[in-house]
Each structure stands twice: as structure tokens, then as C-alpha cells.
Amino acid sequence: MTLTQSFNRIAHVETADSTSQYMEISGLSTNYAQLYFTFTGYLDWSGTNYGAGQRTWNGPTLQFQGAWPGGANASAASYRCFGAIGKDSSNTTYSYLGDMINSSSYTVSPNWANMGNLFYPSGTFYADRNRFTIEMWVVQPRDNQVKTVMWSGGSGPPDTGSYHGTPLMQGAAHLCGQTSSSAPTAMGPFDSIRIGAGCDTAGGAQTFGTLSSFTAYGMGNTTDVNTGNDP
Amino acid sequence: MANQNYALIGHAHQNSWTSSMAMTNLQNVQVFNDDGQHSATTTYANFPGYRFVGKIFLDATVSQFSTSHINFYIYSTSNYDTYYTYSSPSTQVYSNTLVQSGNYTGGNGYTYIPIGEGFYPSKYAGGGSWDWGSDVTDVDGNTVSSDSPRRGVWTNFVIDAYFQNVNKQSTVKIKTAAATNGFSTSTTDTSESYSGRYYHGGGGSNNYYRLDDVYLTTSYNFRGDLFCYRIGTGNWVGGS
Numbered sequence: 001m002t003l004t005q006s007f008n009r010i011a012h013v014e015t016a017d018s019t020s021q022y023m024e025i026s027g028l029s030t031n032y033a034q035l036y037f038t039f040t041g042y043l044d045w046s047g048t049n050y051g052a053g054q055r056t057w058n059g060p061t062l063q064f065q066g067a068w069p070g071g072a073n074a075s076a077a078s079y080r081c082f083g084a085i086g087k088d089s090s091n092t093t094y095s096y097l098g099d100m101i102n103s104s105s106y107t108v109s110p111n112w113a114n115m116g117n118l119f120y121p122s123g124t125f126y127a128d129r130n131r132f133t134i135e136m137w138v139v140q141p142r143d144n145q146v147k148t149v150m151w152s153g154g155s156g157p158p159d160t161g162s163y164h165g166t167p168l169m170q171g172a173a174h175l176c177g178q179t180s181s182s183a184p185t186a187m188g189p190f191d192s193i194r195i196g197a198g199c200d201t202a203g204g205a206q207t208f209g210t211l212s213s214f215t216a217y218g219m220g221n222t223t224d225v226n227t228g229n230d231p
Numbered sequence: 232m233a234n235q236n237y238a239l240i241g242h243a244h245q246n247s248w249t250s251s252m253a254m255t256n257l258q259n260v261q262v263f264n265d266d267g268q269h270s271a272t273t274t275y276a277n278f279p280g281y282r283f284v285g286k287i288f289l290d291a292t293v294s295q296f297s298t299s300h301i302n303f304y305i306y307s308t309s310n311y312d313t314y315y316t317y318s319s320p321s322t323q324v325y326s327n328t329l330v331q332s333g334n335y336t337g338g339n340g341y342t343y344i345p346i347g348e349g350f351y352p353s354k355y356a357g358g359g360s361w362d363w364g365s366d367v368t369d370v371d372g373n374t375v376s377s378d379s380p381r382r383g384v385w386t387n388f389v390i391d392a393y394f395q396n397v398n399k400q401s402t403v404k405i406k407t408a409a410a411t412n413g414f415s416t417s418t419t420d421t422s423e424s425y426s427g428r429y430y431h432g433g434g435g436s437n438n439y440y441r442l443d444d445v446y447l448t449t450s451y452n453f454r455g456d457l458f459c460y461r462i463g464t465g466n467w468v469g470g471s
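Taken in order, these protein sequences are the chains called A and B.
Residue 175 in this note's numbering sits at position 175 of the first sequence, with consecutive numbering throughout.
If you want this note's numbering, it's the 1-based position in the second sequence plus 231.
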């Protein structure tokens, strides 16, 4: 085994306004032992059907390997997702499967994997005070096995009006390894990812706020990779 | 060149069934910069931070699974204390009630940190295997059999630790997650009726304060990858 020890920041995108429904990093090199992603930013709640004091049904969301409408592997969009969300409004932790659109979960979602359930504070909404952070890991992005994205994130409570943060967002997602349309992509290279702002209860798209950022790091490399028809 | 103080120093690659993985002598790995020149050794002083990242595929079913059957430990196998929260295997698709459970294993009596509650057994509950029932062709044109682990559930994990000195316990924090292959109403469902797993916790041993070896052991067969990254105090590696 030969290791390349250094890591590199290989991609970075940042919103310049509050119009982006998703942030995308595509064309990633998969010649790394691990891809590591960080997001920090916030949702712009204007234009949604949410009122102050409510939580998103979903968002932020996750798509990857070009499995989204118009993507290189659009037909492979069959996301399997399991997550846990901790809420400081009720001191409980919820688990869920799928995309959580309109609270109707699908364990094989044609849309996305859900990661969050964020709170829209009552009172004045100060975007610069309502940010959250998520980190994500993909191990062996070029091996011949199903690629899993694991994430861990959280947000503190907004400092106005109410105090309901989301201190825990943790879970994992992968494309379904069953069907002939999704399995090859699931086992194929992990070279693209989208973090999305999700949608409101009526299906309307949410957006990220200004100066939300999404960064990819390539974390060293190894010569020991399953790339053939094994195991 | 910006300072890049994170270095990949170890990789355990297991491409066949095993019941354990280990990395040893982590304080004595040679580090090279991007020009191939030796720049440092991974002493505790040079690289006090640790991050272990990996994924494994388990040859077990949910019903065969036990919290005590996957363990992580650092060299010594005694005097461990740990606390963790996790989601028990659930048959609920969506839950708006408390699903998190906590568990304490302490009193200096444990020989390891049990992390099994965070790992998803890859076999399906019904038939006792992960057979999808049909072969597929991968992106390289190879036929992938219906029961290949390449197509199953892989649990990912991240374990962090920071070394202070040989008089202080090295405590690790652990996160894991995996999503089920079942639960769908579609015809492609596996009949697996459990949701998935997550775990986060922390612990350590008060019997051995060094952090030079790590072990992952199970009572089941598994395969997968384990990487060790170290966080340095100087620009030892390079990068951009």
C-alpha cells in the first residue's frame, strides 16, 4: 500500500444572493482516499409557506453522483436515507427515512435524502444569526462499492423571538443498489454532490441565503482500492 | 503553499471476511511532503490530533446483532468507560416520538468501547441474506451478482481523539450512520423492516493513556476500510 498523505481543498462554491435552491460541486476528482465536505449557511425563508415558529418539512437536502433531474445520472435517482434530528424545542430526537416531503417518507426517494428540520424563529428573522453547519464524509469515492454519504451537523437556536435550534443532524444516504437503473451509479464513482435548500409544505422550493458556502476536500490517497469486479 | 497540517498516515484495507482490524505504532509513522521528502514522524508532539474514518459491511442480520459484538479500543483492553446514544432498530418509517436511547458502560470494568448499536447489519431480516434477486451490470461492464456486498448497506464511522500527554486519558468521540435497504412500498423492496442506525458517543480507558494502537473487533464477519488521519502542529505535508 502506498499513501499520499496531504489533503487539498478541491472545490468551493458560495452564494452571492438568496436565489439558489441548491449548491452543486461536480467534476470532482475521485483520486482520494476520502472526500470531505463542509457546509455553512442558512435558509432564506422569504417566499415560503412557513410562518414564524414553524419548522421545515425538509431541508437541507442531499443529492449526489449526478442523480438529479438533468444530471448525468438522472435515471439513478433512488435515494435511501436514514437520519436523526435532535430538537431543543422538545428535547427529543426523531428518526426518519427518505425525503420527508410533506411528512410522507419514501425509503427509496426519487428526489433526495433529507438532512434537516430547521426552525423559523418568530419575531424578526436575522439571517446572519440563524446559520447552521454540516460536515459530510465519503470513504473511497472511486471504489466499486455502493457509496455512502455520512453527515453530522447542527444549529444553535436563533437569538430572536424563540429558542428552538436543531442541535443534531446525523445520518447516512446511498443510492439503491438494486435496480439496473440505479445500482451501476450507486457502485460507480462519487464525483458530484448537491446540497439543496429543500421545499416547503406546498412543494415550493426554498433557497439558501447570501454567503452560504459549500466546500470539498480531498483527504489523501491510497493505492488499496477495490476497482475490479471484487468482492 | 498554504499550511496543511492534516496527514493520512494509515490505511487498513480488508477485501475479504475478517473479524478484526487494527492499526499499530501510530506514533512512529514517517511523514513525507508532496515532494517526497521526509518531513516528520508522527510523534504525539508533532501530531496530537487523530481522526479515524472508515466503512464496513457486516455479514449479520438484525436479529443476530448485539450491542456488545462490535468494539473499539486503544491498545489496552481494560478500564473503559463510555456513554453513547443511538437509535434502536425501528420498524417505524417516520417517528415523531423519542427514538433515541442511551447506554452507559462504565465502572472501569469494560475492556473496550461497544459501538455495535451504531452499525447496520447488512443481511436482511427475512431471508437471512442480502440477495437482491437479480444481477446487474456495473459502469465498467462487469456483472455484479445479486448477493454481492458491493450492492449492500455499508456503515460509515468517524472517530476523533486528541492526545495531551501520557498522564491524561485519551478520550475518543465516535459517530456512525447507515441507511436501510428496506422499508419501501416498491417492488424492489428487500422486506427488511428496520430503519437504519446512528450512534454518537465518547469514552476512554483510565488504564492506558497513550494512543499508539487502535483495534476494531467484531463477533461477525465484516469487510471494509479504515483510515487514520493525524492533525499536526506544523506544515509537515504540503498541499494546497
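Possibly wrong hints are sitting among the right ones.
Unchecked claim - Ranges of calculated distance between the beta carbons of each label pair, as one might list FRET restraints:
1. A:Thr227 <-> B:Ser319: 30 to 38 Å
2. A:Gly70 <-> B:Asn256: 44 to 52 Å
3. B:Ser299 <-> A:Asn91: 26 to 34 Å
4. B:Ser377 <-> A:Ser90: 15 to 23 Å
5. A:Gly70 <-> B:Gln261: 44 to 52 Å
6. B:Thr374 <-> A:Ser75: 14 to 22 Å
7. B:Asn466 <-> A:Thr201: 23 to 31 Å
8. B:Asn246 <-> A:Ser75: 55 to 63 Å
9. B:Thr272 <-> A:Thr227: 26 to 34 Å
10. A:Ala16 <-> B:Gln268: 36 to 44 Å
What the hints assert, rightly or not - Covered, in the sense of this in silico footprint (three residues per stretch, anywhere, with C-beta under 8 Å from a C-beta of chain B), are these stretches of chain A:
11. 76-86
12. 182-196
The set of hints was computed from the structure by calculation and includes no laboratory data.
Virtual Cβ for every residue (Gly too), placed ideally from N, Cα, C.
We went through each hint and held it up to the structure:
1. A:Thr227 <-> B:Ser319: 30 to 38 Å: Given about 36 Å between the Cβ atoms, the range holds.
2. A:Gly70 <-> B:Asn256: 44 to 52 Å: holds, 50 Å
3. B:Ser299 <-> A:Asn91: 26 to 34 Å: About 28 Å separates the Cβ atoms of Ser299 of chain B and Asn91 of chain A, which means 26 to 34 Å holds.
4. B:Ser377 <-> A:Ser90: 15 to 23 Å: Given about 43 Å between the Cβ atoms, the range is violated.
5. A:Gly70 <-> B:Gln261: 44 to 52 Å: holds, 47 Å
6. B:Thr374 <-> A:Ser75: 14 to 22 Å: At roughly 20 Å between Cβ atoms, Ser75 of chain A and Thr374 of chain B fall inside 14 to 22 Å, so the hint holds.
7. B:Asn466 <-> A:Thr201: 23 to 31 Å: violated, 50 Å
8. B:Asn246 <-> A:Ser75: 55 to 63 Å: Taking Cβ atoms as reference, Asn246 of chain B and Ser75 of chain A lie about 30 Å apart, which means the hint is violated.
9. B:Thr272 <-> A:Thr227: 26 to 34 Å: Between Thr272 of chain B and Thr227 of chain A, where Cβ atoms are some 32 Å apart, the hint holds.
10. A:Ala16 <-> B:Gln268: 36 to 44 Å: holds, 41 Å
11. 76-86: Per the Cβ count (6), the hint holds.
12. 182-196: With 7 residues in contact (Cβ-Cβ under 8 Å with chain B), the coverage given for the region 182-196 of chain A holds.
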